[in-house]
Amino acid sequence: MSKSGIFTSSLAKKYWMALTGLFLITFLVGHLLGNLQLITKTGEEGRRAFNEYAYFMGHNIFIKILAYVTYFSILAHACIGLYLAVQNKKARPQNYAYNRPGTNSGAASRYMAILGTIILVFICTHMANFWYKQKVAETVPLHVLHKEITEEQQNPMTGQTIKQVIPIDYVLTTKGDYMPFAYVDPQSQQKMELMDVKEGTHLYDKKAELQVGEGYRDLHTVVMNFFGQSEQGQPTNEWALVAVILYVVSMFVLMFHLWHGFASSFQSLGLNHKKYNGIITFTGKAFAIVVPLLFAIIPVMIYLNR
Amino acid sequence: MASKTININLKIWRQKNVNSKGSMETYKLDNVSTDSSFLEMLDQLNEQLVNSRQEPIAFDHDCREGICGMCSLYINGEAHGPDRAVTTCQLHMRKFKDGETIYVEPWRAKAFPVIKDLVVDRSAFDRIQQAGGFVSVNTSGRTMDANAIPIGKAEADKAFEAATCIGCGACVASCKNASAMLFVSAKVSQLALLPQGQVEAQQRVLNMVKQMDEEGFGNCTNTGACAVECPKEISLENIARMNREYLKAMVAAD
Amino acid sequence: MSILDSKIPEGHISKKWTDYKDHLRLVAPNNRPKIDVIVVGTGLAGAAAAASLGEMGYNVKAFCFQDSPRRAHSIAAQGGINAAKNYQNDGDSIYRLFYDTIKGGDYRAREANVHRLAEVSGNIIDQCVAQGVPFAREYGGLLDNRSFGGTQVQRTFYAAGQTGQQLLLGAYSAISRQIGLGNVQMYNRHEMLDLVKVDGKARGIIARNLITGEIERHSAHAVILCTGGYGNVYFLSTNAMGSNVTAAWKAHKRGAYFANPCYVQIHPTCIPVHGTNQSKLTLMSESLRNSGRIWVPKKKEDAQAIREGKMKPTEIAEEDRDYYLERRYPAFGNLVPRDVASRAAKERCDAGFGIEANDTMEGVYLDFSAEIISKGKQTAYTAGNHNPSQEEILKLGKKWVEEKYGNLFQMYEKITDENPYETPMKIYPAVHYTMGGVWVDYNLQSTVPGCFVAGEANFSDHGANRLGASALMQGLADGYFVLPYTVSDYLAGDIRTGKISTDLPEFEEAENHVKDLISKFLTNNGSKTVDHFHKRLGHIMWNKVGMGRNVQGLTEAISEIAALREEFYKEVYVPGDANELNPELEKALRVADFMELGQLMARDALQRNESCGGHFREEYQDAEGETLRDDENFNFVGAWEYKGMDINQSELHKEVLNYEYIKIAARNYK
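Protein chains in written order, with the working numbering: chain R, 1 to 306; chain U, 1 to 254; chain L, 1 to 670.
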């Protein structure tokens, strides 16, 4: 076989589809576990957990490698898939005047290319909304905890105790502690910053010009705001409902794609055995339902809990 | 057998030759015995056409007992019609209702060009077989005794099941991608399951798949339509086996 | 002294072939590519011959009218293939297979050919296994065997009910390999329409490309016809729709004698005729007689009640059933040879006991209920259940039957809409195989030098009746193991001949002849379809040259066919053009030859004043209705020489059959 056979032959393309597909299936599991933190934990604890997780995902070398494999898988899966779809279309230049494919095959299996394309569009928007902001544009703000400290001071003149409320922003650092980042001076009512931020997350002491730590980005709040929840309860994204609906629809599409794709990838790799086919098919269908369903629940709950 | 007759409407693909454009034409046929096979119904229609000085419909057929693989026809949106595990010659008119409109089309695939009306050219299948669907043994008869190598019954039975493929092309016709995977994998499987075929298994699967790709068949997307429509009920297991064989060969080949 | 020289070699029968082979001339490998061989037909014999000769290095051109060599009608053989392997240790041997075949053929086959067939039978199985043919096996991994009609040993190798398919696909794989290697050039969708003779030798063929309609000339140093039998002369038969006699008949018209045309095998177990639009008959494998019992009601009124639909076969009590084969032939019972079983069925139906509700009341039962119970019990016992319930027995029994005959049962149910697991199958004899064919000598060469004929197309091995599972054996034996030797011997004389030009006047004459005939049909302004005439021909043949024949019927048949022939040429309407795919034209060309053949069959049957094998002359039977052979006057092969359009002018030549190694006796299966 020619050296390029591992890319050009029809079977080799199937293997690539299956391998990348299976990898993306495992990716989905990881992604889902991370996302579930959005609803399983609440308040600052939840925010902290999610942002720490996001940071971890962006910085662990092992995860980084996996991330690149994921990008590759998405690209390869999409490109080969679309190429195959075009080729397959060409294999039947003239269609049947009357066709009843529903009698011999499942709808999901017949619309993989269309489902996949929709998912690809979803992935693009999804990445633009979150991944791009977090990783490329770096517009995601730091994880800042807003606190108000009430300082009691005795007026030496009157002996009265004066309560002074000082709003302080703490930034959560990768060491796990909250460092004061800025406060509002009670006298001047001016915001006094204690730190400079360089390269997005590196925190420098303003006076000492010394790096004192690294902050987490607050992806959690971005997500929450995107799907309509804010701490204040006012609308943060006028399109939130649309976003939630599109997200849910996309997960529905993903379900169909997995409905066929999961077991199909095993078949493509030749893993077909009477004894295990039942388990594979069952797992595939269960996976296809459970995983997209859990994904879809998250934005819905965020939206409803605002 | 209580013989009943029905009247039917037919919409049939007519095409003069490989270069001309075809179209669906409508015919009416009365008094079709429900005991007739689908092809006997077409015989009856042709008799009617010839008697009224019209050109009869060309369709492939030969053994009329479901084994030669010559008959084809996409009937009412399915290869070999609505019945399961039959070829068109074994499909009987009792499967149709009185007054029903029946659509009859040729197999449609780039690799199976229409020769005339409902007749298609399936020589692509022959070329795939010629690329490797054999054991390279001379025909001297001077091999070893037939019982020299015992073959487990289970393996032998599986090889036989794969070998029952009649090469009709229903798999290609049914597949939304016009893929020939079921056909090719049946032969690859048969020979891969038998010790006699295992000697050249690697080269065989590489050569047959290469030829299959060159013929312009589509790719397999595991919809399973082929196995459902296959008149010999060839299993998808064979495609998986071919996938394994090819993977092995691809990784191991020099 | 006959002018027919069968060229049987000297020596003891068991040594003849070996010695003969040792002394045949050879063609050196470097000379083989200079020699062209045409093989017409790609069934077992044709594909095997083309593959073998291609492999040897000859330039082979193979022709078939189907769209692929894999579709030849050998594929439809169901039951199995015989071979004297004695794997079952039941006393089988080459001699016994030889003996059974001669006896089964009612002592009308050539000893030397049949012995050679038995000798190479074992090699066929070796060859096929080496090719990857998936024969049925036992749990120990060794090959399984079953019994077939006319034998008392288990020597039939099989692959479920699709043995012919598996063997043909084996031969197809061999020819495919040679096509891939460039040694064989395949011409599919081509039909041979004439044999071309140059200086008295077969030197090529005229073929029509069935797609473009082009008339092509193909030259070669030898032409091998493996074009199957002529059962379709009856219109309704178990043959494929395309099966035809044209190639063999054209050779006949060019000088090849046609032998024993009246020997036709009527297969006992086919699905009965159901309607006027029926196009073919479906065989239910003879192997079913291993497990099924054949019966009709003992009382005529029961038979009538069944035909009228007032009674079901399952309602007839055991003692009211006539298992007529077991009654008449206790030793062989339901496994008597085909001709015997067919005649017995006809006898019962003629007597009014038929159970099929068609015009002719032709049908008997093939009942599996006893086998289902016995095998169900056996299976239960094997599984350790010594006290199975009736339901368990039935369930296990049905499963056993399904494993053995599942595809046949399914086929039956699809066609008839009746479930044979619950109610007995209805069967009736139908035309199946033709023992007669082109006369060939020991080399399988016809009376036209260079024209070899193999498989069902020749007459050689089965005498007046073929035993089950022997056709596959003969086809492969001829193709793989006989022709490569004998054709090479013939071709050894051609190494200096050089390419045969297709511009020779003989080619032109033959081509013009074909073209004239085609244009005659296409311009004929008739009003009736080809099938109309074919059906009428079949009707005459079935009624008068069928299972029972007599002087009056045969005489009538000859003149009726003559009249039909005349009407055919006057009244047939063939639509379409010559230069396109034109199935009606193909049929017309074939039916024209069937008409002539039909007449010759009737003539042959008329001259053979005896009953033997598939040829049953009602005048020649004993008091019990058994055949009466006349070994004194009819111990010969009747080979006909064509003498022009009027078949009545055809001349009979006799090849006397000498039995040196088998004592000729009355055939007794009682």
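Calculated from the structure, these hints are not laboratory results. You may find that some hints are simply not true.
Said to hold, decoys possible - A short, non-exhaustive set of chain U residues, derived as facing chain R with CB atoms under 7 Å:
| # | residue |
| --- | --- |
| 1 | V209 |
| 2 | N222 |
| 3 | A225 |
Glycine included, C-beta positions come from ideal geometry on N, C-alpha and C.
Checked hints:
1. V209: holds (6 Å)
2. N222: holds (4 Å)
3. A225: Interface hint status for U:A225: holds (4 Å vs cutoff 7 Å).
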